[in-house]
Amino acid sequence: MTFARNPAVEIGLLLLLAGQAGVSHADVKAGEAIAKSGTGNISACMLCHGLNGEGRPPAGFPRLAGQNRDYLVKQLKDFKAKLRTNPLMRPIASALNTAQMNDVADYYASLPPWKPGTGPAQNTAQTPRGAQLAQHGNWDKGMPACFACHGANGAGIPPHFPSIAGQNAVYISNQLNAWKAGTRINDPEGLMKAVADKLSPEDISAVSAYLANPK
Amino acid sequence: MNRLLDRLTQNGKFHPMWIVLAVTGVLIVASIVFIPARYEGSKEPKQKIAVADHAAAETLPEPDAGQHESKPEPAVIQTTHFTPPAERDMPTGEMGDMIKLGRNIFVHTQVYAKNLVGNGLNCVNCHLDAGRKADSAPLWGAYVMFPAYRSKNHKVNSFEDRLAGCFRFSLNGTPPAYNSKEMLALTSYSYWLATGAPTGKELAGRGYPKLDKPPRQPDAQRGAAVFEKNCAICHGADGLGTKVNAQYAFPPLWGKDSFNAGAGMHSVKNAAAFIKANMPLGKGNSLSVQEAWDVAQFVDSHDRPPDPRVKK
Numbered sequence: 000m001t002f003a004r005n006p007a008v009e010i011g012l013l014l015l016l017a018g019q020a021g022v023s024h025a026d027v028k029a030g031e032a033i034a035k036s037g038t039g040n041i042s043a044c045m046l047c048h049g050l051n052g053e054g055r056p057p058a059g060f061p062r063l064a065g066q067n068r069d070y071l072v073k074q075l076k077d078f079k080a081k082l083r084t085n086p087l088m089r090p091i092a093s094a095l096n097t098a099q100m101n102d103v104a105d106y107y108a109s110l111p112p113w114k115p116g117t118g119p120a121q122n123t124a125q126t127p128r129g130a131q132l133a134q135h136g137n138w139d140k141g142m143p144a145c146f147a148c149h150g151a152n153g154a155g156i157p158p159h160f161p162s163i164a165g166q167n168a169v170y171i172s173n174q175l176n177a178w179k180a181g182t183r184i185n186d187p188e189g190l191m192k193a194v195a196d197k198l199s200p201e202d203i204s205a206v207s208a209y210l211a212n213p214k
Numbered sequence: 000m001n002r003l004l005d006r007l008t009q010n011g012k013f014h015p016m017w018i019v020l021a022v023t024g025v026l027i028v029a030s031i032v033f034i035p036a037r038y039e040g041s042k043e044p045k046q047k048i049a050v051a052d053h054a055a056a057e058t059l060p061e062p063d064a065g066q067h068e069s070k071p072e073p074a075v076i077q078t079t080h081f082t083p084p085a086e087r088d089m090p091t092g093e094m095g096d097m098i099k100l101g102r103n104i105f106v107h108t109q110v111y112a113k114n115l116v117g118n119g120l121n122c123v124n125c126h127l128d129a130g131r132k133a134d135s136a137p138l139w140g141a142y143v144m145f146p147a148y149r150s151k152n153h154k155v156n157s158f159e160d161r162l163a164g165c166f167r168f169s170l171n172g173t174p175p176a177y178n179s180k181e182m183l184a185l186t187s188y189s190y191w192l193a194t195g196a197p198t199g200k201e202l203a204g205r206g207y208p209k210l211d212k213p214p215r216q217p218d219a220q221r222g223a224a225v226f227e228k229n230c231a232i233c234h235g236a237d238g239l240g241t242k243v244n245a246q247y248a249f250p251p252l253w254g255k256d257s258f259n260a261g262a263g264m265h266s267v268k269n270a271a272a273f274i275k276a277n278m279p280l281g282k283g284n285s286l287s288v289q290e291a292w293d294v295a296q297f298v299d300s301h302d303r304p305p306d307p308r309v310k311k
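Protein sequence lines correspond, in order, to chains A and B. Everything in the first sequence is counted per numbering that gives the first Met the number 0, starting at 0 for the first residue and increasing by one. Everything in the second sequence is counted per numbering that gives the first Met the number 0, starting at 0 for the first residue and increasing by one.
Any given hint might turn out to be false.
Result set (PhoX-like, lysine-lysine): computed pairs, CA atoms no more than 20 Å apart in a straight line [claimed, not checked]:
(1) 180(B) <-> 192(A)
(2) 73(A) <-> 192(A)
(3) 282(B) <-> 179(A)
(4) 179(A) <-> 81(A)
(5) 209(B) <-> 113(B)
(6) 209(B) <-> 99(B)
(7) 197(A) <-> 179(A)
(8) 242(B) <-> 255(B)
(9) 228(B) <-> 73(A)
(10) 255(B) <-> 209(B)
(11) 99(B) <-> 180(B)
(12) 197(A) <-> 282(B)
(13) 140(A) <-> 81(A)
(14) 209(B) <-> 228(B)
(15) 113(B) <-> 255(B)
(16) 255(B) <-> 192(A)
(17) 140(A) <-> 282(B)
(18) 179(A) <-> 140(A)
Computed from the model, here is a short list of chain B residues facing chain A with C-beta under 7 Å [said to hold, decoys possible]:
(19) 128
(20) 132
(21) 231
(22) 232
(23) 243
(24) 245
(25) 280
(26) 281
(27) 282
Distance windows between CB atoms, simulated [said to hold, decoys possible]:
(28) 123(A) <-> 154(B): 49 to 59 Å
(29) 124(A) <-> 86(B): 15 to 25 Å
(30) 176(A) <-> 308(B): 35 to 45 Å
(31) 93(A) <-> 96(B): 53 to 63 Å
Derived from the structure by calculation, the hints contain no laboratory data. We put the CB at the ideal spot given by N, CA and C, even for glycine.
Starting from the given sequences, assemble the full structure and let the hints guide the process.
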């Protein structure tokens, strides 16, 4: 098994057994190796998630850099357990063991998060709508602000609420549509389903574009 | 009218007469809106302001318990509530600045009224959507009901008295002086939110919707299970809230940073009604009546700051 042959995993395991909660250097290094070179029959994550985890916006491959660690681990587990479906990610997540998931999540979480003010400022006809939904929600339909759960400026509220600011618009709208259609069902207590159901197609387009580069 | 108000605020300071004028203003605005011809031509001609059956006169909130004991339940579930003006339509100028300050104090109480607050909460934590959301004790629903007689202290209470109550109990703090900038700002914001609302009428969406009695006696132990499944993800497994950068992103439901034992939310009845209509956030009305009472019982069974009126 890959598990036994990987010294970094063993160290990680030992540290865990010793009750060390902190992220060790070895975890991040082992994670970086998986991200950049893959392992066994697993392809390198960077092929799809970008050299530095920045994602591939046009393809809708998500940014992973700076995302909170627990959220990343949960997604990998959910892909593996078929609670979240995606033909590209499922085989990859299925081939990762728990220790590898932790390592690679530690690595991506250690990369710098998206910074506001990077990227061209957007100012289109739908920008005000996007900003309204993100900052204030749509209470006429009982929908809270995205930032009420995803934190000030969408930076996330660990451990359960991921950062969504600076994520690419194609990916965000894919996820919102998946929740609406009932094809993404791994959100705790159906919290995101309740939100997505209250968004019109125009809302999804506006809020996704806004979140890709919120001011 | 607006120009007159502007004039009154011109010399940088608020004149106490402003409040009197503001109240008169509401009366005038309300009467103008209700002249039918004018109403037809107004910006939202389709808007119907739902007014709850005003059977009982004594509907005043007490800081400690049973706020809406006698609040009549609307016959049907109202979908057309009074709609407060949109945030982008906030007036500019000095009046606008005061309204905006009021909004900021209400939403970011920890920042804008820091020294008046004795816990980790903001007004908006219990009055959702910046005090606009129906069924979470919206400011527009309250504003038009004051001044009013309150059986609790046997006198006519001003709107300021009511604001002071939430500072003292819900925020476990110190009420701002009645002529302070904070008080004037909060009153201005509420007055503006109530633009076009009929005065002295109990509007649908005021307070919390009356909640049916639970089939079984509320039980904190069953409530603990409801909490774990539906609330802990945000408010924390220990109920002490979730912080980001030393500020609460999800507020504490008990403990030293939560509302005190004299607060309206410390009445299980109020808490149950609030929770049923508004929690879990974004999924209001998804709990059963029994679950809402049980979890409210559980929340209110925890330690919190003492009621300041009770002498130790």
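(message) Hints numbered earlier in the text: which of these fail when held up against the supplied structure?
(response) 1, 5, 6, 10, 13, 14, 16, 21, 24 and 30
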